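**Student:** So you can see what is in the structure, the chains are spelled out below.
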Amino acid sequence: MIAPRPYALLAEITYRCPLHCPYCSNPTQVRNDQELTANEWTRVIREAAALGVLQIGFSGGEPLARRDLAELVRAAREANLYTNLITSGIGLDDDRVGALHDAGLDSVQLSFQSDETGLADEIAGARAHQRKLNVAAKIRAEGIPLSLNFVIHRRNIDRLPQMIELAETLGAERVELANVQFYGWAFLNRAALLPTREQVVRAREIATAAKARLAGRIDIFYVLPDYYETWPKPCLNGWGQRYLTVNPIGDVLPCPTASSAIPDLRFENVRGRALDWIWRQSESFNRFRGTEWMPEPCRSCPQREIDFGGCRCQAALLTGNAATTDPVCTLSPNRSVVDEVLRDLNSSSDHPPDWTYRINPNGIQ
Amino acid sequence: MRSITPTVLLKCKLPPSLAPPSQENSVLLFPEGVLELNETSMEILARCDGQTVSEIIQSLAEEYDIDPKTLAADVREALADLQQRKLIELT
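Chains A and B, in that order, are what the protein sequence lines are.
Mapping of the first sequence onto our numbering: position 213 corresponds to residue 213, and the numbering continues sequentially without gaps.
Mapping of the second sequence onto our numbering: position 49 corresponds to residue 49, and the numbering continues sequentially without gaps.
One chain only, chain B, in its complex shape (with noise of 0.2 Å):
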């Protein structure tokens, strides 16, 4: 299985200044561009650390307590999305 890891994109979390307390998402910047995050894909961004798509599922399904089949086509999909925009790297 293949693990997967951020590239060499700056991960960047807002600071509070002027965003509502609700608002308070991470975002990826890119040359012009800026990614803003929701809540699912900031978790499975904070999990490309080495880990294998598996144990991401794995881990996302145990902290929020949903079956990891419900959740892997989801995931999988987010992540080939950020792949596509050269946001992160499968390797």
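Just chain A, same shape as in the assembly (with noise of 0.2 Å):
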């Protein structure tokens, strides 16, 4: 098939983090090879341009664990690419806020684990929440728009309140709260992050209210629960249809979680290949693009090219093959299994285990 036109990349630029969030989607393990350096990146950038790709999403891992992310953003905004940060904040004082405003920096996306130091800490792994409140102001003095994400999870989420109130007090003009969705160190940790039922018709409710209520003022953007779900969601908007990501060393993946959710697929290398021709010809963008590859009951579904079967990440983290029906869906075949973890958790009063932190991949420097 022709391939479409990609509109963002999301450019994981080193798996560094010196937060150890339990939900991370970073891959629990990943390759020890040689970060890209700062004019491989420019190249890739460039190259993502030319392909038509319009917005840049800055990730990782941690982006400001990179000394030159501002090169980076300002070759981003040369190509004239939307240039957003996905950050913890950790690292970025007066200094670095003033750099990237000046190499063009149109958004910054600040991550918080909570709206209240303890409970922040105890998910972070690090004291780090008194430092984001002040690098949110100092976004805001900078005069960069400035987006709140919250991963929403049982330890949090009864605290919605509270944090779409700290996104008033921060002047945020975006919230994003996502509900913890289960890929890489939170699949791991899945039994302690999954929130109960009763919590999320409760969190449903307030992120409706907060939205009708704020509305022109902070667009709110809430992330389902997908397993409490009937439907899949659309993730990416199909596979290979408007979103890639490159990680750290260079990988380039249709969708970040790829790489350790589809074992059996083979990711191309910006080293190696033109990011044209693994956009439209390789094998793992081609796998799962359109509706070609579709089983039933999707192939035949009149919602196949609404949700494009749900995510294949999914499919293959909980049925063991990625090009089945996102056991999500109510029309899956496999249905049962993401009832069964529902049904056990709701069943339960016992506590939730503790989880896992993430830990720094090994001799990525």
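None of these hints come from the bench; they were simulated from the model.
Predicted, not measured: the structure shown is a model, and the values here were computed from it.
C-beta atoms are modelled at their ideal positions from N, C-alpha and C, and glycine is treated no differently.
Among the clues, some could well be false.
Stated by the list, open to error - Partial list, derived from the structure: chain B residues whose beta carbon lies under 10 Å from chain A:
1. V27
2. E32
3. V34
4. A80
5. Q84
6. R85
7. L87
8. E89
Each of the two chains sits in its own frame; use the hints to bring them together as a complex.
**Tutor:** Structure follows, in structure tokens:
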């Protein structure tokens, strides 16, 4: 099929991070190769722009762990891309905020773990919350549009009203309230992170009410807890349609979690291939592109071009086969896998187990 | 009557490299999002340059030779939608 035009590049410039959040979507095991250099990234950014990409998200790990971040932002602005920094904020002092703004940074998405220091620092596995509050103020003072990102899970979901209040206090323009999605470290820690049905119902009411109350002031983006949904999420707007990810060592991924979730997929690397070729021709981008790959019940489903069969990584993680219907779908023959997880959780009054904190990859510097 | 200006968000025209000629739409970019604009929204946004809502309606009515009363509700709805998504600011 003819490759569509990609809109957004997620640049995971490092997997190093000073935080240890147990819900991190990074792979739990990463290859110990050299990170791409600034020159290599500049080439990737130019190739992405030539391919039609309009927006770049600098992410990680913690992108500020790379001292050359401002250089990369400048390269992206020179390629006429809209630039967004997805960050914990740790390491963002006055000088660096100024340098990033000068480089043309369009927007910052700052993560928070909760609204209050004790719980937030416990989740992050680091003393980070107070520093984040300072960083938010610096970003606003510099005049860069600020979004707050909260990952919502069993331990913080009951504080949703206070988290929304924090966003108001800090002058954010957007708030992303993202129920945890189970990939990478989050999949490993699912039993500790998955909220109860009662929590999910209440959170949805709070988010809906806040969205209406703050309309025109703060844009609230609520990411649904998909295990509790009936229909799967339209993951990526379809495989290889609008998004591509380049990871720290230059592997090009249709989705940031695909490298760990789908072990039999082989990824091309920007050190060996042009981005244009990888996007259009590679097996990894074409395997689930369009509707040809679909099994039943997706193949004949009227929703097939709306949800694209859901998430390939989730199908792989829950059924062992990426080419099946996302088991979240009520029509999936494997829906019982999800239902059993929910039944076990909601019928038990036990405390959730402890989680395993994310650790930094060995050897990657 | 209130005037309207787009916010800090970058408005960007698609380069023609990959898009077929008929799909050479403009888009609005925001964090992790790309909003494809249809012709009507493009025409409205192109007029968000300090003109009031009424002036925008009037200008569109003249351009397309339509009764302003017919247009008004649609234009206001489109603007309200963009404002709700924090893509423009009404001041």
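**Student:** Each hint needs a verdict: does it hold in this structure or not?
**Tutor:** Here is how each hint holds up against the structure:
Because the closest C-beta pair between V27 of chain B and chain A is about 7 Å apart, less than 10 Å, the hint holds. Residue-level restraint check for E32 of chain B holds (minimum Cβ-Cβ distance to chain A is 6 Å; threshold 10 Å). Here the hint on V34 of chain B is kept, as its CB sits about 5 Å from the closest CB of chain A, short of 10 Å. This hint holds: A80 of chain B has a C-beta 8 Å from the nearest C-beta of chain A, less than the 10 Å allowed.
Because the smallest distance between the Cβ of Q84 of chain B and any Cβ of chain A comes to about 5 Å, under 10 Å, the interface hint for this residue holds. The interface hint given for R85 of chain B is met, as the beta carbon of that residue sits about 6 Å from the closest beta carbon of chain A, less than 10 Å. Look at L87 of chain B: its Cβ gets to within about 8 Å of chain A, closer than 10 Å, so that hint holds up. Annotation: interface hint on E89 of chain B holds; nearest CB of chain A at approximately 9 Å, less than 10 Å.
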